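Chain residues, written in single-letter form:
2 protein chains.
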Amino acid sequence: MQVKSGYTGDMLGRTYDNQVCSAARALEVVGERWSLLIIRDALFAGSTRFNDWLRLGIATNILKSRLDGLVEVGIMEHGAASRNPDHYEYLLTEKGRDLAPVIITLTEWGDRWSAPAGSPILYVHSVCGGSITQQTTCANCGRVHDPAELTVRPGPGMPPDIAARMDGNPRGEAQMRSTH
Amino acid sequence: MQVKSGYTGDMLGRTYDNQVCSAARALEVVGERWSLLIIRDALFAGSTRFNDWLRLGIATNILKSRLDGLVEVGIMEHGAASRNPDHYEYLLTEKGRDLAPVIITLTEWGDRWSAPAGSPILYVHSVCGGSITQQTTCANCGRVHDPAELTVRPGPGMPPDIAARMDGNPRGEAQMRSTH
Chain A
1 MQVKSGYTGD MLGRTYDNQV CSAARALEVV GERWSLLIIR DALFAGSTRF NDWLRLGIAT
61 NILKSRLDGL VEVGIMEHGA ASRNPDHYEY LLTEKGRDLA PVIITLTEWG DRWSAPAGSP
121 ILYVHSVCGG SITQQTTCAN CGRVHDPAEL TVRPGPGMPP DIAARMDGNP RGEAQMRSTH
Chain B
1 MQVKSGYTGD MLGRTYDNQV CSAARALEVV GERWSLLIIR DALFAGSTRF NDWLRLGIAT
61 NILKSRLDGL VEVGIMEHGA ASRNPDHYEY LLTEKGRDLA PVIITLTEWG DRWSAPAGSP
121 ILYVHSVCGG SITQQTTCAN CGRVHDPAEL TVRPGPGMPP DIAARMDGNP RGEAQMRSTH
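As given, the protein sequences belong to chains A and B, one line each in that order.
Just so you know, our numbering puts 90 at position 90 of the first sequence, and the rest follows in order with no gaps.
Just so you know, our numbering puts 93 at position 93 of the second sequence, and the rest follows in order with no gaps.
Please keep in mind that the hints were generated in silico from the structure rather than gathered at the bench.
All values reported here derive from a predicted model rather than from experimental measurement.
No residue lacks a Cβ here, since even glycine has one placed at the ideal position from N, Cα and C.
Hints are supplied without guarantee of correctness; some may be wrong.
The calculated lysine to aspartate or glutamate pairs, modelled on EDC-like cross-linking and capped at a C-alpha distance of 20 Å, are [as the list claims (entries may be wrong)]: (1) A/K95 <-> A/E77; (2) B/K64 <-> B/D41; (3) B/K95 <-> A/D146; (4) A/K95 <-> B/E149; (5) B/K95 <-> B/E72; (6) B/K95 <-> A/E149; (7) A/K95 <-> A/E72; (8) A/K95 <-> B/D68; (9) A/K64 <-> A/D52; (10) A/K95 <-> B/D111; (11) B/K95 <-> A/E77; (12) B/K64 <-> B/E89; (13) A/K64 <-> A/E89; (14) B/K95 <-> B/D68.
Coverage of chain A stretches by chain B, computed from C-beta distances (three or more under 8 Å per stretch; other residues unrestricted) [what the hints assert, rightly or not]: (15) 16 to 27; (16) 40 to 52; (17) 92 to 104; (18) 119 to 131; (19) 145 to 154.
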């Protein structure tokens, strides 16, 4: 089963193209090395110009490739200061800013499992100063703490033949293995 | 500024080692191609044996390397059926299951920006059947919808010299550029 993503850039490209899965689509766009850290610094460290990201320790040719790729897929756009290519400004679009929850969940996992000295960074709500967290939430009964309580079923974007096979199996698992 | 992650496996390894950031630490462990999709299928498609993941379309040598790497960093462990190496069983640990929110936020982003036919997969709470979402939540005032309202400040795990520089700057931004 193959669904084209429409993305033909030079990042992860079609690596996951036989996956009918929005997580795979997202990883095709932002899963290349450095991409999420570039977006992180645009979101939370005020980085807008090429030189701002060099502090990541990334090679200039790779940084150029990543920034151009992020513009190509609509995660960044050139700002008003970009008329002179020497001063290209890269600004997050709505699509790019919408990756904040991904970065926060990655941070929370890293805090729990790879930060023996404690969280290096805390996310804060600038409006009221409250602590920000990502919560796995059930629309019916509230917060869900146990990943074992999560399951999947086909959504409207699943090709009907695969969805029918998934629905035919009460647990949906055997079929999911070959399609999800 | 350099903080060692302690991780010396063969995945992203020390690519981001000069980053004082839990998101970077997380990406070092799970940011390599295929890793998150392998974990996704372990979480939501019941994959436990080597052959289960071959349906991803991943080369066997890469799959072997990824699974071994996930065991090495404690995201997976060998199950009871693993006494015969030909039937190695790979089971998620708590550390691995704790990546569910990362996969869900990636899915939600992909649903919004890369799924013109609609969500291929819906996450469901197996206990009550409710829809599952990841919500960016402020401990003080509830759900936060606007990423522009998110900011960062140094946490207990930030080296004091960097934290002091961040605190000295009301917006924390210029310093963050070189450290975060």
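Discussion item. I'd like to know which numbered hints this structure contradicts. Please list them from smallest to largest.
Written reply: Going through the list in order, the structure violates hints 8, 11 and respects the others.
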